[in-house]
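Trainee: Here's the letter readout for the chains.
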Amino acid sequence: MGSSNYQPTNKAVKWFEDRLPILGLMHSTLGAGYLAPRNLNYWWNFGSLAGFMLLVQIITGVILVMHYTPHVDMAFRAVEHIMRDVNYGWLIRYTHSNGASMFFVVVYIHILRGMYFGSYKSPREVLWFLGLVIYLLMMATGFMGYVLPWGQMSFWGATVITNLFGAFDFYEGMGESILHLLWGGFAVDNPTLQRFFSLHYLLPFVIVGVVILHIWALHLPGSNNPLGIDAKGPGDKIPFHPYYTAKDLFGLSFFIVILAIFIFYMPNIMGHPDNYIEANPMLTPAHIVPEWYYLPFYTILKAVPDKLFGVIAMFASILIFFVLPWLDGSKIRSAKFRPTTAFFFWLFLLNTLYLGYLGTKLPDEIMIDMAGGIDALTMGRISSVFYFAYFIVIVPLVSRMESTKPVPTSISQSVLDANKKG
Amino acid sequence: MLNRLKNIGLMTLAVSALTIGGLTSANAAGASAYPLKEYDWPHAGPFGMFDKPSLQRGLQVYKEVCASCHSLDMVAFRELKALGYNVDEIKAFAAEYEFPNGFDDEGEEKYRKGFPQDYFPAPYGNEEDARDANNGAFPPDFSLLGKSREHLSLFTPWNSIYGEDYIVGILNTYHEDAPEGVELPEGMNYNEAFSGNLIAMAPPLFDDIVEYADGTPATTEQMAKDVATFMYWAAEPKMEVRKKMGLKVIIFMSILTIMLYFVNKRVWRKIKKGDDIA
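Just so you know, the protein sequences line up as chains A and B, in that order.
For the first sequence, this note's numbering gives the first residue as 51, with consecutive numbering after it.
For the second sequence, this note's numbering gives the first residue as 11, with consecutive numbering after it.
You may find that some hints are simply not true.
[To be verified] Dumping the calculated SDA-like pairs for lysine to any residue here, alpha-carbon to alpha-carbon at most 25 Å:
1. B:Lys47 x A:Ala336
2. A:Lys287 x B:Lys282
3. B:Lys253 x A:Phe304
4. B:Lys258 x A:Ala296
5. B:Lys101 x A:Glu130
6. A:Lys287 x A:Trp266
7. B:Lys47 x B:Thr183
8. A:Lys357 x A:Gly192
9. B:Lys91 x B:Val75
10. B:Lys248 x A:Ile113
11. A:Lys282 x A:Pro271
12. B:Lys280 x A:Asp467
13. A:Lys287 x B:Ile287
14. B:Lys282 x A:Pro284
15. A:Lys282 x B:Trp278
16. B:Lys283 x A:Leu85
17. A:Lys455 x A:Leu466
18. B:Lys280 x A:Tyr138
19. B:Lys258 x A:Val136
20. A:Lys386 x A:Pro271
21. B:Lys157 x A:Arg127
22. B:Lys62 x A:Glu130
23. B:Lys248 x B:Asp151
24. B:Lys157 x A:Lys386
25. B:Lys47 x B:Tyr184
26. B:Lys157 x B:Val75
27. B:Lys62 x B:Pro227
28. A:Lys470 x A:Pro284
29. B:Lys253 x A:Tyr138
30. A:Lys64 x A:His291
31. B:Lys282 x A:Leu302
32. B:Lys282 x A:Tyr293
33. B:Lys248 x A:Glu130
34. B:Lys62 x A:Tyr138
35. B:Lys248 x A:Val307
36. A:Lys471 x B:Trp278
37. B:Lys101 x A:Asp135
38. A:Lys470 x B:Ile287
39. B:Lys73 x B:Asp139
I should point out that these hints are in silico values taken from the structure, not numbers from a laboratory.
Could you build all of it, start to finish, from the sequences and the hints given here?
Mentor: Take a look at the structure:
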């Protein structure tokens with residue numbers, strides 16, 4: 051991750067550093083050797099928070115595995131054994147289950163920050179790709195983790211989601227073959243649980259690998275900033291340590307307070323109560339819903355009448371983020387100077403939240419009590435169309451046509467200007 | 011112009027979001043169509059702890075009434091310490107039960123008295139046995155019912171249904187006769203709180219069906235509340251230690267956060283002023 055000017059003074063440290071320059075690597079990645087723009091706001095805290103959550107999930111997960119049994123007859127009881135008999139097992143498990151939700155909250159904010167301030171634009175496209183790969187891996191990991199307690203929602207969620215892949219039935223028997231491969235049999239059963247367990251343990255370490263690439267790709271161009279202009283002169287940049295280490299530590303400490311409120315005072319609010327009923331293949335729950343972080347995509351899936359195209363639309367709704375750097379044709383990164391872009395960004399966010407809300411509804415539930423009642427399916431279709439229109443129509447047109455506000459010449463100049471005013 | 015447009019747009023959105031939220035909240039509630047009576051549970055809220063006398067009464071109701079059909083597979087006798095019993099009382103309680111203990115020299119099954127480390131024995135040997143004895147219905151295990159029957163909502167907490175309220179609702183809303191127009195199948199009972207209103211369980215509680223050891227009048231509502239408290243404890247036995255630790259963690263982290271805020275401010279003082287570039 052770049053050369054380092056790290057010069058240890060201690061002789062022993064220098065001896066080691068000459069043989070393995072790992073301290074210099076740390077120095078130039080997270081220490082004083084990494085120069086970051088001086089104007090990063092608190093939305094830039096969420097990257098380090100995501101890294102922290104990944105660590106929390108791996109540590110709690112490794113401990114949970116010590117007490118868990120991946121078998122359909124024992125998994126549900128094993129989780130309750132953790133909750134009841136293992137010393138502080140309830141704390142480890144509630145941290146892991148709420149931690150997963152908070153990890154997604156943090157990562158969603160991190161992605162939205164990148165969208166708003168144009169962090170996906172040149173020269174940071176590969177950085178953006180790697181982030182999306184991390185997000186996709188998180189989706190897979192989170193889904194498989196939710197299956198492990200082997201409750202009703204685990205089982206039926208797994209059944210619904212794996213069945214989606216059966217839509218890829220391009221030649222006779224292909225869909226079925228995919229399903230048999232995913233299940234390790236002819237239905238969601240013990241082999242499914244065991245392969246999901248194996249992958250749930252593996253993928254987080256793959257995520258760690260991609261995170262390292264993500265940080266590597268970050269340090270070549272350096273961090274973007276709220277102004278979206280390149281940091282050039284020495285006055286534009288400050289060392290990561292102590293400035294951003296101090297700021298990140300403060301943000302982290304505040305974040306842990308929020309996390310603790312969930313873990314200690316509402317540990318089950320993110321989960322579904324049916325997951326405290328052991329999986330029963332003979333009894334379908336009245337209402338199968340995935341975890342909250344998949345809900346917007348679940349609505350898009352349900353909005354399309356055809357199964358194959360529904361699945362394609364669902365995957366496309368995430369994969370379309372990969373082409374965002376080219377859909378956006380603006381020369382300016384930050385939405386701070388692109389008022390129309392900013393407006394549609396907030397509209398997009400609200401619409402996506404609404405898609406998520408619709409994900410919890412049955413298709414025929416009445417959402418708006420007028421014109422004879424507009425049901426959730428119709429609203430889901432309208433919102434899904436807007437979701438894609440944002441990427442395919444609004445961003446390409448607005449970014450190329452809007453009149454933008456004047457952009458400051460440099461970061462340090464804008465700091466000085468602000469000081470003169472204030 | 012654009013700013014005004016933006017404000018109008020955002021305003022419209024906010025208003026419509028609120029309206030939609032308001033319109034839909036009415037039918038957002040989960041398991042039960044019946045408006046459940048909400049009780050002030052002493053163990054609710056961030057500082058709420060279990061009412062131990064109520065837990066002990068609830069255990070008595072479970073043992074004398076519910077246990078003839080409902081298992082409590084995940085609770086061991088040793089855990090009754092949380093209800094306020096001492097070791098000797100728990101040993102005596104466990105000794106009232108018998109457990110299979112291998113085979114004797116003639117191949118006959120042997121039995122022993124229960125120990126604190128044993129779990130509450132199930133009333134039926136298997137699900138088929140239970141269904142056979144209960145008109146085809148399977149009485150659910152009690153260990154997690156307190157948590158698996160609740161519907162919690164983060165953003166619309168007023169739509170939340172608490173497990174304890176639901177349990178009391180089931181136990182207290184039986185009708186002797188089904189309302190007009192409702193066909194009551196053989197072996198079914200009419201219950202307002204139960205989803206679909208038809209429940210296989212016959213009304214289990216009647217006034218004074220148990221005689222409370224502590225002299226509390228055993229009204230149906232009192233027994234329902236006690237057993238609901240007991241069932242919530244069985245589902246979430248670590249609630250008290252969780253809330254106590256949470257308070258310490260949050261106080262500690264809040265103080266640390268305030269300190270780190272000032273550390274951060276101190277570190278950034280020069281940079282904020284732009285002293286290094288001015």
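Trainee: Taking the hints in turn, state whether each one holds.
Mentor: Status of each hint after checking the structure:
no.	hint	in the structure
1	B:Lys47 x A:Ala336	holds, 24 Å
2	A:Lys287 x B:Lys282	holds, 13 Å
3	B:Lys253 x A:Phe304	holds, 19 Å
4	B:Lys258 x A:Ala296	holds, 24 Å
5	B:Lys101 x A:Glu130	holds, 24 Å
6	A:Lys287 x A:Trp266	holds, 18 Å
7	B:Lys47 x B:Thr183	holds, 10 Å
8	A:Lys357 x A:Gly192	holds, 23 Å
9	B:Lys91 x B:Val75	holds, 22 Å
10	B:Lys248 x A:Ile113	holds, 19 Å
11	A:Lys282 x A:Pro271	holds, 11 Å
12	B:Lys280 x A:Asp467	holds, 16 Å
13	A:Lys287 x B:Ile287	holds, 10 Å
14	B:Lys282 x A:Pro284	holds, 16 Å
15	A:Lys282 x B:Trp278	holds, 21 Å
16	B:Lys283 x A:Leu85	holds, 19 Å
17	A:Lys455 x A:Leu466	holds, 19 Å
18	B:Lys280 x A:Tyr138	violated, 45 Å
19	B:Lys258 x A:Val136	holds, 21 Å
20	A:Lys386 x A:Pro271	holds, 21 Å
21	B:Lys157 x A:Arg127	holds, 15 Å
22	B:Lys62 x A:Glu130	holds, 23 Å
23	B:Lys248 x B:Asp151	holds, 19 Å
24	B:Lys157 x A:Lys386	violated, 46 Å
25	B:Lys47 x B:Tyr184	holds, 14 Å
26	B:Lys157 x B:Val75	holds, 21 Å
27	B:Lys62 x B:Pro227	holds, 17 Å
28	A:Lys470 x A:Pro284	holds, 20 Å
29	B:Lys253 x A:Tyr138	holds, 13 Å
30	A:Lys64 x A:His291	holds, 21 Å
31	B:Lys282 x A:Leu302	holds, 21 Å
32	B:Lys282 x A:Tyr293	holds, 11 Å
33	B:Lys248 x A:Glu130	holds, 12 Å
34	B:Lys62 x A:Tyr138	holds, 23 Å
35	B:Lys248 x A:Val307	holds, 20 Å
36	A:Lys471 x B:Trp278	holds, 20 Å
37	B:Lys101 x A:Asp135	holds, 19 Å
38	A:Lys470 x B:Ile287	holds, 13 Å
39	B:Lys73 x B:Asp139	holds, 20 Å
Violated hints, listed in ascending order, are 18 and 24; each of the other numbered hints is respected by the structure.
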